[in-house]
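**Q** Start from chain R and add chain H according to the hints.
Protein chains: 2
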Amino acid sequence: MEALKQKIREEGIVLSDQVLKVDAFLNHQIDPRLMQQVGHEFAERFHGQGVTKIVTIEASGIAPAVMAGLELGVPVIFARKFQSLTLKNDLLISKVFSFTKQTESTIAISAKHLTAADHVLVIDDFLANGHAAKALIDLIQQAGASVAGLGIVIEKSFQEGRGLLESEGYRIEALARVASLADGQVTFLD
Amino acid sequence: MEALKQKIREEGIVLSDQVLKVDAFLNHQIDPRLMQQVGHEFAERFHGQGVTKIVTIEASGIAPAVMAGLELGVPVIFARKFQSLTLKNDLLISKVFSFTKQTESTIAISAKHLTAADHVLVIDDFLANGHAAKALIDLIQQAGASVAGLGIVIEKSFQEGRGLLESEGYRIEALARVASLADGQVTFLD
Numbered sequence: 001m002e003a004l005k006q007k008i009r010e011e012g013i014v015l016s017d018q019v020l021k022v023d024a025f026l027n028h029q030i031d032p033r034l035m036q037q038v039g040h041e042f043a044e045r046f047h048g049q050g051v052t053k054i055v056t057i058e059a060s061g062i063a064p065a066v067m068a069g070l071e072l073g074v075p076v077i078f079a080r081k082f083q084s085l086t087l088k089n090d091l092l093i094s095k096v097f098s099f100t101k102q103t104e105s106t107i108a109i110s111a112k113h114l115t116a117a118d119h120v121l122v123i124d125d126f127l128a129n130g131h132a133a134k135a136l137i138d139l140i141q142q143a144g145a146s147v148a149g150l151g152i153v154i155e156k157s158f159q160e161g162r163g164l165l166e167s168e169g170y171r172i173e174a175l176a177r178v179a180s181l182a183d184g185q186v187t188f189l190d
Numbered sequence: 001m002e003a004l005k006q007k008i009r010e011e012g013i014v015l016s017d018q019v020l021k022v023d024a025f026l027n028h029q030i031d032p033r034l035m036q037q038v039g040h041e042f043a044e045r046f047h048g049q050g051v052t053k054i055v056t057i058e059a060s061g062i063a064p065a066v067m068a069g070l071e072l073g074v075p076v077i078f079a080r081k082f083q084s085l086t087l088k089n090d091l092l093i094s095k096v097f098s099f100t101k102q103t104e105s106t107i108a109i110s111a112k113h114l115t116a117a118d119h120v121l122v123i124d125d126f127l128a129n130g131h132a133a134k135a136l137i138d139l140i141q142q143a144g145a146s147v148a149g150l151g152i153v154i155e156k157s158f159q160e161g162r163g164l165l166e167s168e169g170y171r172i173e174a175l176a177r178v179a180s181l182a183d184g185q186v187t188f189l190d
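Chains as they are written, first to last, in our numbering: chain R, 1 to 190; chain H, 1 to 190.
A hint or two may mislead.
Pairwise CB distance ranges, derived in the manner of DEER restraints [unchecked claim]:
no.	chain 1	residue 1	chain 2	residue 2	range
1	R	Q49	H	F97	42 to 48 Å
2	R	D183	H	I13	52 to 58 Å
3	H	A3	R	T103	22 to 28 Å
4	H	S16	R	Q49	40 to 46 Å
5	H	Q6	R	G163	44 to 50 Å
6	H	K101	R	I13	32 to 38 Å
7	H	A179	R	E166	15 to 21 Å
8	H	R9	R	G73	21 to 27 Å
9	R	L164	H	S98	20 to 26 Å
10	R	T106	H	K21	19 to 25 Å
11	R	L164	H	E104	36 to 42 Å
Negatives, chain H to chain R, calculated, CB over 12 Å [unchecked claim]:
no.	residue
12	D23
13	A24
14	R45
In silico PhoX-like links for lysine-lysine, alpha-carbon gap of 25 Å or less [stated by the list, open to error]:
no.	chain 1	residue 1	chain 2	residue 2
15	H	K101	R	K81
16	H	K112	R	K101
17	H	K81	R	K95
18	R	K112	H	K7
19	R	K21	R	K7
20	R	K101	H	K81
21	R	K95	H	K101
22	R	K112	R	K81
23	R	K81	H	K5
24	H	K95	H	K134
25	H	K81	R	K21
26	R	K112	R	K95
27	H	K21	R	K81
28	H	K95	R	K112
29	R	K7	H	K112
30	R	K112	H	K101
Worth flagging that the hints you see were computed from the coordinates, not collected in a lab. Here the structure is a predicted model, which means the values were calculated and not measured. Glycine included, every Cβ here is placed at the ideal spot set by N, Cα and C.
Extracted from the complex, chain R is given alone in its bound form:
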C-alpha cells in the first residue's frame, strides 16, 4: 500500500535494527485519513470471505480495525489487557509475551461477544514475532470461532511471525512489509 509506505518513509523513526517507531500516525498520534485508507485496503482484501467480526487488541489496533469494520459492515472487538478490565467473569483469556517490554501480559475477550458461528478477521498494527497474533487466535479458538485471516498494518518481515502463522495455515495480508531496518533505513520487501 503505497500511501502507507510513503508515510513510514517520511514519518517513521528507526530506533534500532529491530524497532520502528510510528508514533506520528499510528501508535500515539493517529492519521484518521490514512486509517480510512488502511481500513479500505483490508476490506478489499477480505471482501467476500464471510467475515462476521473483527478482533484486535487495545490500543493501537483499534483505529485500523474500526475503519475496516465500517467498510466490511461488521462489529469490532478489542481484546483488553487484563488490568484495564472492569468485569472479570465470563472471559476468554490468553497470554502474550512482549519482547519489546520483556514482560508477559494477559489479554481477554468477553465470551459473549464471540460465538462458534463467527468467522473472524484479526487486525493488528504490527506483526513481528507473532506472539500477539497467536494470543488473539487462541481467544478466537476458545470461542469455537474460525479465523478468516490476519490483516497487519506493518509487518517486520525479518522476524519470524509470518513464517510461524503461515506454517499453521493462516492467511496474512500485510499492507507494508519491512525487509530491514539496518543502518537507520527502512527497506520494504516489495
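**A** Just chain H now, kept in the frame of chain R:
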C-alpha cells in the same frame, strides 16, 4: 443523539445506580457505524471552531475520536497509560484517579505532537466525575495549547463532572446525557 440513546436502551447494562456497561458497542465490542455517526455529530457541533487536533485517552476514546478526526480533517492523539509506553522521554504527564477501580494512574502525551498553536478538542467515551477530562486538559495546557471544548459520548449527568468543567469555562457537548440509573433503568436528561 437519538441513535446512540436507542443503542444504550437496547444494549446498555445497568450494573448499579452508578455504573452503566456499554461493552456491546463502545467499551469492548465497537459498532463502527454508530461510531461514524458519533464522529459526524461531534464534527457538526465543533465545526468552524478552529480545531487543529483531537486528544483522547486509550482505549475506549479512540474509535469515536478517530471518526471525529476524519470528519474534521485533523489528527488524533491518544494519551497513553504509563505502563504502555515504550519511550519515556520528552513526555507531558498527568495523573487520573479512577473511582471505578480505586487506583491512581499516570497518563502521558509526547510533547512533540502538541504545540502552543494547537486548539484541541477533547473526546472521551464517558464523563462522570471529570477526572480523566481534567487530566487531558492538564496535558494540553502543559503544551501551551488551548481547549476548544469537550466531546463526550455518554455523560453521567448525576455526577459532578459537567459542573466542575463548566465552572472552569469549558464547553461540553455530550451526545447522551444520563439523568439516572436508578432501579436498573437508564433515564436520559433530554
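**Q** Would the hint linking H/K95 and R/K112 be met if the CA-CA limit is 25 Å?
**A** Judged against 25 Å, a Cα distance of about 33 Å means the pair is violated.
**Q** With d taken as the least Cβ-Cβ distance between H/D23 and chain R, does d exceed 12 Å?
**A** Incorrect as stated: the minimum Cβ-Cβ distance to chain R is 6 Å, not above 12 Å.
**Q** Next pair to validate is R/K112 with R/K95; report whether the Cα-Cα distance is within 25 Å.
**A** Roughly 20 Å separates the two Cα atoms, so the pair holds.
**Q** Could you tell me whether the CB distance from H/S16 to R/Q49 stays inside 40 to 46 Å?
**A** holds, 41 Å
**Q** Does R/K21 lie within 25 Å of H/K81 when you go C-alpha to C-alpha?
**A** holds, 18 Å
**Q** Measuring from beta carbon to beta carbon, are H/Q6 and R/G163 in 44 to 50 Å?
**A** holds, 47 Å
**Q** When you check the alpha-carbon spacing of R/K21 and R/K7, does it fall within 25 Å?
**A** holds, 12 Å
**Q** Run the distance test for R/K101 versus H/K81: straight-line Cα separation, threshold 25 Å.
**A** holds, 15 Å
**Q** Does the alpha-carbon distance linking H/K21 and R/K81 stay inside the 25 Å limit?
**A** Holds - the C-alpha atoms of R/K81 and H/K21 are around 18 Å apart, at most 25 Å.
**Q** Indicate whether the distance between the beta carbons of R/T106 and H/K21 respects the range 19 to 25 Å.
**A** holds, 21 Å
**Q** Using the C-beta atoms of R/L164 and H/E104, is the stated range 36 to 42 Å upheld?
**A** At 39 Å between Cβs, range holds.
**Q** Please verify whether R/K112 and R/K81 have alpha carbons no more than 25 Å apart.
**A** holds, 17 Å
When the structure is compared with the earlier hints, violations turn up for hints 3, 7, 9, 12, 13, 23, 28 and for no others.
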